[in-house]
Amino acid sequence: MKVRILGSGTSSGVPRIGNDWGDCDPDEPRNRRTRSSILVEHDDTRILVDTSPDMRQQLLDAQIVTVDAVIWTHEHADHVFGIDDLRQVYHALGRPVQGYARPRTAQALRRQFGYVFEGNGGYPPTATLEELPDRLRIGSIDVRAVDQPHGGITSAGLRFEARGAAIGYATDLSGMTEDMRSLYEGLDVWIVDALRRRPHPTHPDLATAMQWHSELRPRRTALVHMDQSMDYAGLRAELPHDAEPGFDGLEMTA
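Each residue of the sequence shown is one higher than the last, beginning at 977 in this note's numbering.
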(Lines of atoms letter the chains of each structure in order from A and count residues from 1; the text may use other names and numbers.)
(Lines give C-alpha, C1' and ligand atoms only; values in the text may rest on other atoms or scores of the structure.)
Protein backbone atom coordinates (compact mmCIF):
# COMPACT_ATOMS: atom_id res chain seq x y z
CA MET A 1 0.00 0.00 0.00
CA LYS A 2 1.27 3.45 -0.92
CA VAL A 3 0.32 6.95 0.14
CA ARG A 4 1.24 10.13 -1.72
CA ILE A 5 1.08 13.50 -0.01
CA LEU A 6 -0.63 15.62 -2.65
CA GLY A 7 -0.54 18.77 -0.54
CA SER A 8 1.28 19.48 2.73
CA GLY A 9 0.30 23.09 3.41
CA THR A 10 -2.16 24.92 5.58
CA SER A 11 -5.20 26.84 4.33
CA SER A 12 -3.14 29.67 2.80
CA GLY A 13 -0.42 27.47 1.29
CA VAL A 14 3.28 28.31 1.12
CA PRO A 15 4.19 30.88 -0.03
CA ARG A 16 1.21 32.94 0.97
CA ILE A 17 -0.17 35.47 -1.49
CA GLY A 18 2.30 38.36 -1.61
CA ASN A 19 5.20 35.93 -2.03
CA ASP A 20 5.31 35.55 1.73
CA TRP A 21 7.67 32.66 2.51
CA GLY A 22 7.95 33.49 6.22
CA ASP A 23 10.80 31.43 7.67
CA CYS A 24 10.80 29.01 4.72
CA ASP A 25 13.72 29.04 2.30
CA PRO A 26 12.24 29.89 -1.13
CA ASP A 27 15.11 28.03 -2.83
CA GLU A 28 14.06 24.73 -1.22
CA PRO A 29 11.35 23.25 -3.48
CA ARG A 30 9.98 21.13 -0.62
CA ASN A 31 8.89 24.35 1.09
CA ARG A 32 6.36 25.07 -1.68
CA ARG A 33 3.15 23.67 -0.23
CA THR A 34 -0.33 23.34 -1.69
CA ARG A 35 -3.40 22.71 0.45
CA SER A 36 -3.53 19.40 2.34
CA SER A 37 -4.67 16.21 0.62
CA ILE A 38 -3.45 12.62 0.19
CA LEU A 39 -3.92 9.71 -2.22
CA VAL A 40 -3.87 6.12 -0.94
CA GLU A 41 -3.27 3.25 -3.40
CA HIS A 42 -3.22 -0.54 -3.21
CA ASP A 43 -3.37 -2.86 -6.22
CA ASP A 44 -5.91 -1.19 -8.52
CA THR A 45 -7.67 0.83 -5.80
CA ARG A 46 -7.13 4.57 -5.38
CA ILE A 47 -8.71 6.67 -2.62
CA LEU A 48 -8.47 10.47 -2.66
CA VAL A 49 -8.79 12.24 0.69
CA ASP A 50 -10.26 15.74 0.35
CA THR A 51 -10.66 17.91 -2.75
CA SER A 52 -8.39 20.84 -2.01
CA PRO A 53 -8.48 24.07 -4.05
CA ASP A 54 -5.22 22.81 -5.61
CA MET A 55 -6.63 19.42 -6.58
CA ARG A 56 -6.30 19.93 -10.34
CA GLN A 57 -2.56 20.62 -10.19
CA GLN A 58 -2.01 17.95 -7.54
CA LEU A 59 -3.53 15.23 -9.73
CA LEU A 60 -1.66 16.50 -12.78
CA ASP A 61 1.63 16.34 -10.86
CA ALA A 62 0.80 12.81 -9.67
CA GLN A 63 -0.29 11.78 -13.18
CA ILE A 64 -3.58 10.53 -11.76
CA VAL A 65 -6.70 10.54 -13.95
CA THR A 66 -9.19 8.43 -12.01
CA VAL A 67 -9.88 7.52 -8.39
CA ASP A 68 -12.21 4.89 -6.99
CA ALA A 69 -13.50 7.07 -4.17
CA VAL A 70 -13.04 10.37 -2.38
CA ILE A 71 -13.34 10.81 1.38
CA TRP A 72 -13.87 14.27 2.83
CA THR A 73 -12.43 14.78 6.31
CA HIS A 74 -14.57 17.88 6.94
CA GLU A 75 -16.14 20.81 5.12
CA HIS A 76 -13.60 23.62 5.55
CA ALA A 77 -12.75 25.42 2.30
CA ASP A 78 -9.13 24.28 2.07
CA HIS A 79 -10.30 20.66 2.09
CA VAL A 80 -13.33 20.97 -0.18
CA PHE A 81 -13.24 23.83 -2.67
CA GLY A 82 -11.59 21.87 -5.49
CA ILE A 83 -14.73 19.73 -5.68
CA ASP A 84 -15.66 20.96 -9.16
CA ASP A 85 -12.52 19.29 -10.55
CA LEU A 86 -14.18 15.95 -9.86
CA ARG A 87 -16.01 16.67 -13.13
CA GLN A 88 -12.96 15.61 -15.14
CA VAL A 89 -12.58 12.47 -13.04
CA TYR A 90 -16.25 11.74 -13.72
CA HIS A 91 -15.66 12.05 -17.47
CA ALA A 92 -12.66 9.72 -17.29
CA LEU A 93 -14.54 7.14 -15.23
CA GLY A 94 -17.76 7.39 -17.19
CA ARG A 95 -19.72 7.49 -13.94
CA PRO A 96 -20.02 9.60 -10.79
CA VAL A 97 -17.13 9.36 -8.31
CA GLN A 98 -18.02 7.58 -5.07
CA GLY A 99 -17.93 10.07 -2.20
CA TYR A 100 -17.98 9.57 1.57
CA ALA A 101 -18.15 11.89 4.57
CA ARG A 102 -19.22 11.70 8.20
CA PRO A 103 -22.91 12.64 8.68
CA ARG A 104 -22.43 16.28 9.75
CA THR A 105 -19.90 16.91 6.98
CA ALA A 106 -22.12 15.20 4.40
CA GLN A 107 -24.98 17.47 5.36
CA ALA A 108 -22.79 20.54 4.93
CA LEU A 109 -21.50 19.35 1.55
CA ARG A 110 -25.01 18.70 0.25
CA ARG A 111 -26.13 22.13 1.40
CA GLN A 112 -23.25 23.94 -0.30
CA PHE A 113 -22.57 21.72 -3.33
CA GLY A 114 -25.90 20.07 -4.06
CA TYR A 115 -25.35 20.31 -7.82
CA VAL A 116 -22.27 18.04 -7.54
CA PHE A 117 -24.37 15.22 -6.07
CA GLU A 118 -27.73 15.88 -7.71
CA GLY A 119 -26.90 17.58 -11.01
CA ASN A 120 -28.39 20.86 -12.17
CA GLY A 121 -29.72 22.49 -15.35
CA GLY A 122 -29.23 19.41 -17.48
CA TYR A 123 -25.76 18.68 -16.08
CA PRO A 124 -25.48 15.24 -14.44
CA PRO A 125 -24.14 14.65 -10.92
CA THR A 126 -20.38 14.14 -10.91
CA ALA A 127 -20.16 12.40 -7.52
CA THR A 128 -22.26 10.42 -5.11
CA LEU A 129 -22.27 11.08 -1.38
CA GLU A 130 -22.76 8.46 1.30
CA GLU A 131 -22.24 8.73 5.03
CA LEU A 132 -18.82 7.42 6.04
CA PRO A 133 -19.27 4.61 8.59
CA ASP A 134 -16.73 3.61 11.23
CA ARG A 135 -15.63 0.74 8.96
CA LEU A 136 -15.77 0.46 5.19
CA ARG A 137 -14.08 -1.52 2.42
CA ILE A 138 -13.25 0.29 -0.82
CA GLY A 139 -11.80 -2.06 -3.41
CA SER A 140 -8.86 -3.82 -1.78
CA ILE A 141 -8.50 -1.27 1.06
CA ASP A 142 -10.19 -1.44 4.47
CA VAL A 143 -10.99 2.00 5.88
CA ARG A 144 -11.67 2.90 9.51
CA ALA A 145 -12.84 6.32 10.69
CA VAL A 146 -13.37 8.17 13.97
CA ASP A 147 -14.53 11.70 14.77
CA GLN A 148 -11.75 14.05 15.84
CA PRO A 149 -12.23 17.32 17.73
CA HIS A 150 -11.39 20.30 15.50
CA GLY A 151 -12.32 23.41 17.41
CA GLY A 152 -16.09 23.73 17.29
CA ILE A 153 -16.59 20.93 14.73
CA THR A 154 -15.19 17.47 14.08
CA SER A 155 -13.06 16.00 11.31
CA ALA A 156 -12.67 12.39 10.24
CA GLY A 157 -9.53 10.61 11.37
CA LEU A 158 -8.70 7.81 8.95
CA ARG A 159 -6.89 4.48 8.95
CA PHE A 160 -6.25 2.49 5.76
CA GLU A 161 -5.32 -1.20 5.88
CA ALA A 162 -4.37 -3.76 3.21
CA ARG A 163 -2.51 -7.07 3.54
CA GLY A 164 -1.31 -6.32 7.05
CA ALA A 165 -0.07 -2.79 6.30
CA ALA A 166 -1.61 0.28 7.97
CA ILE A 167 -1.53 3.99 7.12
CA GLY A 168 -3.10 6.69 9.30
CA TYR A 169 -4.14 10.23 8.39
CA ALA A 170 -4.81 12.80 11.11
CA THR A 171 -5.37 16.31 9.86
CA ASP A 172 -7.32 19.23 11.35
CA LEU A 173 -7.58 18.04 14.93
CA SER A 174 -7.33 19.84 18.25
CA GLY A 175 -7.01 16.93 20.65
CA MET A 176 -6.45 13.20 20.99
CA THR A 177 -9.28 10.98 22.26
CA GLU A 178 -9.07 7.33 23.28
CA ASP A 179 -10.89 6.32 20.09
CA MET A 180 -8.26 8.18 18.09
CA ARG A 181 -5.43 6.53 19.99
CA SER A 182 -6.89 3.13 19.16
CA LEU A 183 -7.21 4.11 15.51
CA TYR A 184 -3.60 5.28 15.24
CA GLU A 185 -1.87 2.46 17.12
CA GLY A 186 0.37 0.05 15.24
CA LEU A 187 0.77 2.15 12.09
CA ASP A 188 3.44 1.69 9.45
CA VAL A 189 2.96 5.28 8.28
CA TRP A 190 1.28 8.17 10.11
CA ILE A 191 0.60 11.48 8.39
CA VAL A 192 -0.24 14.09 11.02
CA ASP A 193 -1.04 17.79 11.20
CA ALA A 194 1.70 19.98 12.71
CA LEU A 195 0.67 23.53 11.85
CA ARG A 196 3.51 25.50 13.47
CA ARG A 197 5.63 25.75 16.61
CA ARG A 198 3.35 28.17 18.44
CA PRO A 199 0.14 26.74 19.95
CA HIS A 200 -3.07 27.07 17.94
CA PRO A 201 -6.67 26.58 19.14
CA THR A 202 -7.77 24.14 16.41
CA HIS A 203 -4.57 22.46 15.16
CA PRO A 204 -1.68 20.67 16.89
CA ASP A 205 1.60 22.51 17.18
CA LEU A 206 4.90 20.78 16.49
CA ALA A 207 5.56 19.79 20.11
CA THR A 208 2.09 18.25 20.45
CA ALA A 209 2.37 16.30 17.20
CA MET A 210 5.76 14.94 18.24
CA GLN A 211 4.47 13.99 21.68
CA TRP A 212 1.74 11.94 20.00
CA HIS A 213 4.37 10.42 17.72
CA SER A 214 6.42 9.28 20.72
CA GLU A 215 3.34 7.83 22.44
CA LEU A 216 1.81 6.06 19.42
CA ARG A 217 5.14 4.93 17.94
CA PRO A 218 4.33 4.53 14.27
CA ARG A 219 7.18 3.15 12.18
CA ARG A 220 7.32 6.40 10.20
CA THR A 221 5.65 9.80 10.69
CA ALA A 222 5.32 12.66 8.19
CA LEU A 223 4.14 16.12 9.21
CA VAL A 224 1.66 18.05 7.07
CA HIS A 225 -0.71 21.05 7.16
CA MET A 226 2.33 23.25 7.86
CA ASP A 227 2.45 27.02 7.53
CA GLN A 228 5.22 29.34 6.32
CA SER A 229 7.05 29.23 9.67
CA MET A 230 7.99 25.57 9.18
CA ASP A 231 11.15 25.41 7.06
CA TYR A 232 11.85 21.97 5.59
CA ALA A 233 15.61 21.84 6.25
CA GLY A 234 15.26 23.18 9.78
CA LEU A 235 12.64 20.58 10.64
CA ARG A 236 14.59 17.78 8.99
CA ALA A 237 17.60 18.58 11.17
CA GLU A 238 15.68 18.57 14.46
CA LEU A 239 13.23 15.70 14.04
CA PRO A 240 14.07 12.13 15.14
CA HIS A 241 15.05 9.53 12.54
CA ASP A 242 11.52 8.10 12.31
CA ALA A 243 9.78 11.43 11.66
CA GLU A 244 10.12 13.94 8.85
CA PRO A 245 8.48 17.02 7.37
CA GLY A 246 6.13 15.95 4.61
CA PHE A 247 6.20 17.70 1.27
CA ASP A 248 4.10 17.81 -1.86
CA GLY A 249 4.80 14.68 -3.87
CA LEU A 250 6.31 12.61 -1.04
CA GLU A 251 5.36 8.94 -1.48
CA MET A 252 5.58 6.41 1.35
CA THR A 253 5.03 2.67 1.20
CA ALA A 254 3.63 0.54 4.02
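Everything labelled a hint here was simulated from the structure, so no lab data went into it. Hints may be right or wrong, so weigh each one.
Ranges of calculated distance between the beta carbons of each label pair, as one might list FRET restraints [unchecked claim]: (1) Ser988 <-> Ala1183: 37 to 47 Å; (2) Arg1193 <-> Asp1110: 37 to 47 Å; (3) Leu1069 <-> Asp1118: 20 to 30 Å; (4) His1176 <-> Glu1107: 28 to 38 Å; (5) Ser1158 <-> Gly1127: 33 to 43 Å.
Backbone N, C-alpha and C define an ideal beta-carbon position, used for all residues, glycine too.
Each hint, compared with the structure:
no., hint, result
1, Ser988 <-> Ala1183: 37 to 47 Å, "22 Å, violated"
2, Arg1193 <-> Asp1110: 37 to 47 Å, "23 Å, violated"
3, Leu1069 <-> Asp1118: 20 to 30 Å, "22 Å, holds"
4, His1176 <-> Glu1107: 28 to 38 Å, "29 Å, holds"
5, Ser1158 <-> Gly1127: 33 to 43 Å, "23 Å, violated"
In the structure shown, a violation is registered for the earlier hints numbered 1, 2, 5, in ascending order.
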